[in-house]
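Asker: Turn these sequences into a full structure, and let the hints guide you.
Residue numbers (my numbering), protein chains in the order written: chain A, 1 to 490; chain B, 1001 to 1622.
It is worth saying that the hints were derived from the structure and are not from the lab.
Don't be surprised by glycine CBs; every beta carbon is placed ideally from N, CA and C.
Covered stretches of chain B (in silico footprint by chain A; criterion: 3 or more residues with CB under 8 Å from a CB of chain A, positions within the stretch not fixed):
no. : stretch
1   : 1157-1163
2   : 1175-1183
3   : 1554-1566
What follows is the residue order along each chain.
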Amino acid sequence: MPLLSLAIWVPVAAALLVLAAGGDRNAPLQRAIALAGAVLGFVVTIPLYAGFETGVAGMQFVELRPWIEAFNVNYHLGVDGISVLFLLLNSFITILVVIAGWSVIESRVGQYYASFLMLSGVMNGVFSALDGVLFYVFFEATLIPMFIIIGVWGGPNRVYAAVKFFLYTLFGSLLMLVAVLYLYGKSGGSFAVLDWHKLPLSLAAQKWLFFGFLFAFAVKVPMWPVHTWLPDAHVEAPTGGSVVLAAIMLKLGAYGFVRFSLPILPDASRDLAWLMIALSLVAVVYIGLVALVQTDMKRLIAYSSVSHMGFVTLGFFVFNTWGVEGALVQMISHGFVSAALFLCVGVLYDRMHSRMITDYGGVVNTMPKFAALMMLFAMANSGLPATSGFVGEFMVIMGAMQKNFWLAFAAATTLVFGAAYTLWMYKRVMFGAVANARVAALKDLEPRETLVLGLLAVAVLFMGVYPLPFTEVMHASVDELLRHVAQPKL
Amino acid sequence: MKAVYLLAPLAPLAGAILAGLFGRALGRAGAHTVTIVGVLASFVASCWILADVLQGNTFNGSVYTWLTSSGVRLEIGFLIDRLSALMMVVVTFVSLMVHVYTIGYMAEDPGYQRFFAYISLFTFSMLMLVMANNFLQLFFGWEAVGLVSYLLIGFWYTRPTAIHANLKAFLVNRVGDFGFILGIGLVLAHFGSLDYTQVFGQAPALAGRTIEVLPGSGWLLLSVICICLFIGAMGKSAQFPLHVWLPDSMEGPTPISALIHAATMVTAGIFMVARMAPLYELSPTARSVVLVIGGITALSMALVALTQYDIKRVIAYSTLSQLGYMTVALGASAYSVAIFHLMTHAFFKALLFLGAGSVIIALHHEQDMRRMGGLSRTMPITYWTVLIGAISSVGIPGFAGFFSKDLIIEAARHAMIPGAGFAYVSVLLCVFVTAAYTFRMVFMAFHGLPRFDAAHPPHESPKVVTVPLVLLAIPSVFAGWLVGDFADVGSPWTFVAHGLVSPPFWLALAGIVVAYVLYRLRTDLPKRIAMRLGPLYAVVERKYGFDELYAWLFGAGARMLGTGLWKAGDQTFIDGLAVNGSARVVGWFSALASLLQSGMIYRYASAMLLGVVLMTYWFLGT
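Answerer: Written out as structure tokens, the structure reads:
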């Protein structure tokens, strides 16, 4: 069974079916199709984990068919220990997004769901593409549905945000395209990413290429200082858009580093590691402080995302197993936690139509169930042990310490900053006496919302208490990657 | 592994989950029944384990593998030895008493089930902490007790002071954890393991290793590790200058002040250092730091206790001071003495807090000692048990607190490392101050003329409150006789006899006499003394100004820095100049925006897709 193709095309097919079901008159049918498609999309990714050979470093479930033979472009898919979990994460989050939008989205329902399903399939494509062109096409194709999601179902300032998002990322990826084409020429006409891994390159060439890829990936992650599109995009995006953006789309950039920059350009990566580490630490510290003073909940969580993603890039560029595996774990955990937090804001926004912290206060009095769940996610965001948020941060700090005491020192400040901005926000929104009549009128979670947040709570706790199943699949591929990065290929 | 090892932590966890998730279905009685049964099972299991350990049956093994990376296995596992078994008994005993007491104390509270769920969860976390056989699980328990502490300080979440205090407690503890995790990182980086046995086994071989923390200066690795870990202990055990959170934590209900903020959680730092004794023994530098910090904390916090009027705050500052004692013992390499004092303190301090709680409910949530007085007649059981706690706390020979405190003073006297002299003087003077503030409290609350509202005369508390008081009073008297190690002095009797002729006893008596004179005979004097001391008194009464300093430096400072970075960095520089400022980008923006506003978003999107494809084709073609 071409499992990877199914993971990509089942959601896309479901998207087309949803669109074919007509307009808003058929909204119930469209929702049903979307949910069925999302669930099926997740089901087909399960064998990828269940059947994964943990000891194998190379690509598994490989599919290879010629696509554009004139340029030697192939439909080449495969996953290894680094990428496999992201397909599951992505497909899982898609189900939650479908449920979360169930009764919230009332206009253009079909198009809304189609965008998300399309996006889900395309992102699975990014995580499994092993052909440079295929990767590029998938990578760029993610922009369109997200652009539509923000631009159509977004807030009042959605146009500015959508365009900023689009241009920022498009500008980044154009430079990547140049790098891809250079590699094509240099490798004698191959777009196979795995061939590029073995391609000898001069240090100068590696550095140029490194910056080419860097812009594309850094914007997506986003790394400081090209992060300013993210808070705007999040603030304007509908809840589902924010969830997918934070949980999955940001990972595309981080994934790019481990699939392209590190293995193709190991010498440049080692040479420029200082820069990457510096930018990552700026993200952790600077963004941690900026997050503290945000007045808009979504903007605060968006900044928190930037800070957490700083851990990911830090982990990659310390070049040891703790760091790289920790970064991958952090990516998955952030998928759960940021999704949950954006959903929590969505729950409040659906009721009060405000994201401003000052409009709230004492929500725990009227929504105790919601308060308990959000407390869990806030703690996970602060990196509390026994939640998923701890695992990745802990591993990356361990990895940083192996390299240098002060790296770990700077990274560990997140223990204080992360807790400060998250719990201070929680305090102002949830605790205290009922702040106003609108808070007093709040209704606690509906079953649908409880289901979505409950599933994420289980995921967050499970990964915190027993992360072994997540890291086990990574070992062979990460070790191979690190061996590869350590070897010069000049 | 014996099943009873799992039973001890999991029984309270089960109780917590049941009471937490199904509290409404269980009802009040159901919730306190399941949690008390859980903690009782855990207490019985702990006693059995201690008896078993005393027969020589220790255990060190894993429960499950949490994570593997870099070939290192991080496991959840138990180390059952004398230290952990003793801690388990103390934790579960005090927890059991507090569970029972809570039935009375929280009877009127709408959050009844939630409260039981929290304190059982706390018991589970604390047991995981003390039973850990590795640094990782220690950190798990460490953070988990911090979480429950946070939830319980903010238990009455509508009170602004409570939700300020719990955030403060969490963040100050996080500063400590910051040091702690760096210590763990160093251990992992240099020892390649987080397992106690492996780390302690390798420690002597690495005793000479130095690392370059600052360029050009080699620091002893173990000293850096021990100091980093101790920063964690300073947070959790509220040592100067990370002590600021503990007095504010009194915003929580009194049972948790007894359980968490006196008897168990705050002693986690002491326990941790005692557990790490093999590492601290290799670093005199770190022990000097420990000694000095302990000495500062013991005396400075005792002085503050003299100036407070809130009965819970007096006991809280007393706790800080006693934790300072334990820290001094650690610094003086007297680890078992530190644990001994930890244990006796757990009993008499839990007793004092619960006694104070009994007074507070009797007076309808009045905590100000200026509105108490004369309670010894109306609340005899509370009075006598509190008096026992006070005598034990002061260290009158024969009572539990005496044995452990005297051993600490002796240990400080004999310590040879730098800082020992200071610590010795500090703990010795502190005996006097301790006696003075403790009996000030006793005299103000229980003696003299009643100053409370006569319309609502207090009554002795119900049995669920007084029985735990009596049960805690027993070990507050006898624990020293049973558990102390008197191999050096012969017998407890000779130790007591020696105590009667040594300076600490006379200092304690002097303290009690002073308290008697000032708060029974010449009640006008304290005000006049305070006036005479003027600014000096004000500084102590204001707790040396640390709250204001931290609020200004870290609270306002961080917000100012954050705002500055956001406005200047993100908005002005990056967005303003680099992104929006570029004329070309602005041009694009307006063009695109006008396209969008025409509602042709799909046309635009497909145009983009087409563009991408064409561009790809064009690039490929050339």
